[in-house]
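Which chain is which? The protein sequence lines are A and B, in order.
Using the working numbering, read the first sequence as starting at 1077 and increasing by one per residue.
Using the working numbering, read the second sequence as starting at 1203 and increasing by one per residue.
Heads up, a few of these hints could be off.
Said to hold, decoys possible - From the structure, some residues in chain A lie toward chain B, with a derived Cβ separation under 7 angstroms:
#, residue
1, Met1157
2, Ala1221
3, Ala1229
Stated by the list, open to error - In the SDA-like style, the derived pairs of lysine to any residue whose C-alpha atoms are separated by at most 20 angstroms in a straight line are:
#, chain 1, residue 1, chain 2, residue 2
4, B, Lys1541, B, His1419
5, B, Lys1691, B, Glu1387
6, B, Lys1594, B, His1419
7, A, Lys1105, B, Trp1255
8, A, Lys1105, B, Leu1248
9, B, Lys1331, A, Gly1109
10, A, Lys1105, B, Asn1325
11, A, Lys1105, B, Arg1322
12, B, Lys1401, B, Ala1654
13, B, Lys1541, B, Phe1685
14, A, Lys1201, A, Phe1183
15, B, Lys1240, A, Leu1089
16, A, Lys1105, B, Thr1264
17, B, Lys1541, B, Ser1505
18, A, Lys1201, A, Leu1167
19, B, Lys1478, B, Leu1386
20, B, Lys1331, B, Ala1277
21, A, Lys1105, B, Tyr1253
22, A, Lys1105, B, Pro1450
23, B, Lys1401, B, Ala1372
24, B, Lys1240, A, Leu1090
25, B, Lys1421, B, Ala1587
26, B, Lys1240, A, Met1084
27, B, Lys1240, A, Gly1080
28, A, Lys1105, B, Tyr1318
29, B, Lys1519, A, Ser1133
30, B, Lys1519, A, Asp1134
31, B, Lys1240, A, Arg1081
32, A, Lys1105, B, Ala1266
33, B, Lys1240, A, Val1093
34, B, Lys1240, A, Trp1096
As the list claims (entries may be wrong) - Here are some chain A residues the structure puts well away from chain B; computed CB gaps all over 12 angstroms:
#, residue
35, Ala1120
36, Gly1126
37, Leu1178
38, Leu1197
Derived from the structure by calculation, the hints contain no laboratory data.
Here a beta-carbon is modelled for each residue, glycine too, at the ideal position from N, C-alpha and C.
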Amino acid sequence: MNGGRWPMIAITLLRVVVGWHFLYEGIAKLSSGSWSSGGYLRQARGPFAGLFEWLASDANLLANADLITMWGLTIVGLLLMLGLFTRLASLAGMGFLVLFYLANPPFVGYFYSIPTEGSYLVVNKNLVELCALLVIFFTRSGLYAGLDRIVHALLTRRPRLAPAPSVS
Amino acid sequence: MAGHDEKGRMKPDEPVGGSTGYERHDRPARLNRRDVLKGLSTVPALGLFGYAWNQQRQFQQTTAEAAATAPAAPADLQEINVALLGAGAQGQVLTESMLRIAGLRFRAVCDIWTEYNQRRVVNTLRRFKHQVNAYEDYREMLDREKELDAVIIATPDFWHAQHTVDCLEAGKHVYCEKEMSNTLEGARRMVDAARRTGKLLQIGHQRRSNPRYLHCHGKILQEAQLLGRIVTVNGQWNRAVTPDLGVPDRYAMPEARLKQYGFQDMHQFRNWRWYKGLGGGPIVDLGSHQIDIYSWFLGANPSHVMASGGNLYYDPKTHEWYDTVMVVYDYDTPAGPVKAYYQTQTTNGSQGYFENFMGDQGTLIISESEVNYAGQLYRDPNAPAWDEWIQKGYVSAPRVHEAPAASDEAPKAIADVRESVPPDQHLVPVVLRDPYHQPHLQNFFDTVRGNAQLTCPSDISYETAVAVLKVNEAIEARSRLSFRPEDFKVEGATT
Chain A
1077 MNGGRWPMIA ITLLRVVVGW HFLYEGIAKL SSGSWSSGGY LRQARGPFAG LFEWLASDAN
1137 LLANADLITM WGLTIVGLLL MLGLFTRLAS LAGMGFLVLF YLANPPFVGY FYSIPTEGSY
1197 LVVNKNLVEL CALLVIFFTR SGLYAGLDRI VHALLTRRPR LAPAPSVS
Chain B
1203 MAGHDEKGRM KPDEPVGGST GYERHDRPAR LNRRDVLKGL STVPALGLFG YAWNQQRQFQ
1263 QTTAEAAATA PAAPADLQEI NVALLGAGAQ GQVLTESMLR IAGLRFRAVC DIWTEYNQRR
1323 VVNTLRRFKH QVNAYEDYRE MLDREKELDA VIIATPDFWH AQHTVDCLEA GKHVYCEKEM
1383 SNTLEGARRM VDAARRTGKL LQIGHQRRSN PRYLHCHGKI LQEAQLLGRI VTVNGQWNRA
1443 VTPDLGVPDR YAMPEARLKQ YGFQDMHQFR NWRWYKGLGG GPIVDLGSHQ IDIYSWFLGA
1503 NPSHVMASGG NLYYDPKTHE WYDTVMVVYD YDTPAGPVKA YYQTQTTNGS QGYFENFMGD
1563 QGTLIISESE VNYAGQLYRD PNAPAWDEWI QKGYVSAPRV HEAPAASDEA PKAIADVRES
1623 VPPDQHLVPV VLRDPYHQPH LQNFFDTVRG NAQLTCPSDI SYETAVAVLK VNEAIEARSR
1683 LSFRPEDFKV EGATT
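Chain A extracted, bound-state conformation (with noise of 0.2 angstroms):
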């Protein structure tokens, strides 16, 4: 990869620690068997908030929710980690969080009856791990470290795939 192997061996961490954040989001909420976004979903504030109030107000909808978020922290949890199908993960990972934070933006003139941990004004921990996801899709982080190395050395292999130089 371009850029020499630290910068690369720092982006791998960076994807490990995203995905395991994923993974173990995705994790708690199958495992506590009554977790679901419609609370969340109902608290929502900022420009969409009748989107996702929307959503929450359908029981099948809110059930559709709750699964696809469940399953899909996980999954894009486990991909980044195991660094396959890294940007298909990255994506689906960036969308998730695209509407974390739109459900929840800390756009000026927005006040939250939660507490939070800290202080944020339109950026906050969502949009840092959206951009992070962004790193790891443009860098293609699974190619250096990661599954989606052997898969691919697998399939270029090949001869007619990926012909060397040489041979020709």
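Given the structure of chain A, go ahead and fit chain B onto it with the hints provided.
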């Protein structure tokens, strides 16, 4: 020959040597040892995650069990075999409390919503090592579970009478949720069955066993008489707008089963409290708890009631009962007449719920929710000093009033001769650290063992049912209705 894209998906008809995107990176052309090592290099992180998660789970399980498991029962404690009939939200609240009580053995759970409620509670109980059998039909449960000592009933109100009577007649002690029944006829059958069978029947007005309420009643009102003569009472349960309970289609019950058990559809089943014939609306659901306290603390039943209510906010098709109710009761207490106001409204939750007793010497604001109302007592300036009761620990020392800040900007307070001097504020020094329902269930099981007396037996809760159910009648009648003393009694044995 098909190619592959970077995500490993098949790409049909990729030209050989074409731009697959692979060439842009100096990737090895075949799998070598270095690829395998680097490819697998982050897999150990997953192992680390697994280890951390396992540790976390063990920690959570240990703390949950420590919090929920009943304290070690003394060896001679008689184990009580219990069944839960009705595993909805309230059934779960009771289950959580019961898991903290020593000497109980869950044997069975019965709920018609086998797809969801039943499964959830059964799973919870199995996690706590209670091997329970699950039933849809309570009669089958009573037939098969011969060793049951007690049944905890948390079904919708309109089922209470039949469930209670059948369980009592099957020789079980019963703890039944309030409201006793949605009809007085049903409530009478329950009182009658308890008398006939000699089995215990406790009704779930759980404040009757709450140590704070017991302290306020026994020590502050009866013994110390700190309020002097109570002349007015007011109380409320304000609840914020809440959406109807829904259900995902995959958990829906078949229509035939819903009909069999008296429900039109899943919406009615989930929101039965709002429907006439099934529940009694917020005044019965919420007000019943607090109107019960009015009568208990005043030592009397009401003589008259006037009420106004209506469905001001919700869709009347799905909310048949009144979302807003305001009631005034008259009481003739041994100490003199009392006016007692109560309101329940379900469109704004601010100021929550409390009962406020106002006497000529003091005021007591009490609530089951200590977070919002810590049990404040106010001593009127003309009342005798409370020093003795502070020393005895009946009430806390008064809170010191802070002198108003002398700020140039703040307008100077103008003392008006008509204003009363602000009273001292004290607190009720008794707190309940357990779940709200635990002491009431404990009282029931202690009584089953013969070590206590029920704090809310059926004849007492019948009196409350009479007072509360009359409110809906008064709203409809649009006039002041009166009670006769005999209205509060169940005479003789009916069949």
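>> Tell me the hint numbers this structure goes against, listed in increasing order.
In response: As far as the earlier hints go, not one is violated by this structure.
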